[in-house]
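Chain by chain, the residues:
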Amino acid sequence: MRRQLFDIWPVILLLLLWQLWVSAAGYSSIVLVSPGAVFSDLLHFPEAYLQPALRTLAFALGGLAIGMAAGLILAIAAWLSDFLAGITTPFALLLSATPVVCLIPIVARLFGYEARTELIAVAVMTFFPSFVLSAAGLRALPPMSSDVFQVLQASRWQTLRLLALPAALPQLATALRVGATYSVLVALVAEYLMQTGGLGTLFAVTMQQFHLARALGASLLAMALSVALYELTRAVEQSVLTHYR
Amino acid sequence: MKPRSLFYALLGCLLLLGAWELLGRSGALGQTFPALSQVLSVYLDTPKRALLLRSAAATLGSAAIGYAAGAGAGAAVAVFAHLVPILRGGLDRMAVLVNALPVIALGPILIITAGREDTPAALAAVPVFFLLYISTGLGLRATSHRLDLMFTTLGATRWQRLIKLETVAALPSILSGMKIAAGSAMIGAIVGEWFGAPTGLGIVVLNSMQNFQIPLLWATVIVIAAITLTAYGLLTVAERAARRRIG
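Same order as they appear, the protein sequences are chains A and B.
Just so we're aligned: 158 in my numbering is position 158 of the first sequence, and the numbers increase by one with no gaps anywhere.
Just so we're aligned: 206 in my numbering is position 206 of the second sequence, and the numbers increase by one with no gaps anywhere.
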């Protein structure tokens, strides 16, 4: 516990530097606000943040669920058919190396500036890690295990259900962790660009109004949300990994 | 790559490009889904090509500055933390946290601290810094214990061990970090431009999105993807070469 308390020194250092800088420079609150002012805005007007935060969270998680499911389903289809695997894998690898965040404007134009577009964007962008990692997981079988299934004349379906899917679980857990932080990022970018609501819109709008305390509050809240989701999914990943060792 | 999978990959490419062209021409997906040929013709249009080249230079510039600064600082801090282990716990924790942060949420903070013009480079530098901090740290600790013992026995100083052994052993891991960081730097630069930079590919994307210049929007996104994939490909080659020599 003491060790963990000691380990947050970089965060405290950053906050201290920020506070010192503001006090020393003596800027007006239009130019710069102190961490104290940001936290007091967060504490005094929680209702201004609650609804946008819940909205961002809902869209991130909803899109993540759809993207993960779609990725897994296509990975299973590719596992069943070599042809499908052959034509999809190069694209999946290519797309997972492209900066997909930059595709959000295209998705926004294709589906319109609406709430569903945000959901589609999150689903599309979390689909890639899910597909790539589950496809790899379904093929990373323990040595000789597929021979056993073949000797025992298991059907393709039985092999999938009893061998490949359980063997892919650790990779699926990793996909969930990667996708979770991604989902918050994509939801925020979509909200920032399309101004459909949520934390991304909150900091886009308050920046324009020079209400810096609220803009930074929204930004800190978004970071907290993303880190919380990351820690949660990392815990899931760890427990899956220890279970499978 | 086996000839069979190469064949499938090529077939997949042709199928996708063909489907894109046909779907775009038919207009089944609406005005916002242009045909491939429409997108490619943007590159033949002289003023638009000039705009794209100018913007790409600006974005590449800020991404490269952020990348170099972030990578240099990240590697330096990792070496420092390697020599002063008491700092490592906190820095490691911080690196994990920053990796989980959505870059766009850092935008408002960087606009205030770095200003609108330098936000793209700063936003590119932040994720690169932490990726390089993590990969350099991992690489430095991956030094073979036996070689370490041998150096110590032969009377190498701490400094000599660091320069001649640990840094060399860390190279593959550092290059692997640099490979992943290339994409992060590009995303950081583009998102940073969305916070009001004067020029850049991010600005072209934003403007063409708002003004319904659909082929230009697609053409710009393809340029962004091509730059990122080129950097990623070059660093993959470098990483493989390093792993063969050192690995």
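Calculated directly from the structure, the hints in this document are not laboratory data.
Among these hints, one or two may not hold up.
Unchecked claim - A few chain B residues that face chain A, going by a derived Cβ cut-off under 10 Å, partial list only:
(1) R4
(2) C13
(3) D92
(4) N99
(5) A100
(6) I187
(7) L206
(8) I214
(9) L217
(10) T228
(11) L229
(12) Y232
(13) L234
(14) V237
(15) R243
A quick note: this is a predicted structure, and the numbers were derived from the prediction, not measured.
We put the beta carbon where it would ideally sit given N, CA and C, even for glycine.
Provide an ascending list of the numbers of those earlier hints which the structure does not satisfy. Hints 13, 14, 15 contradicted; others consistent.
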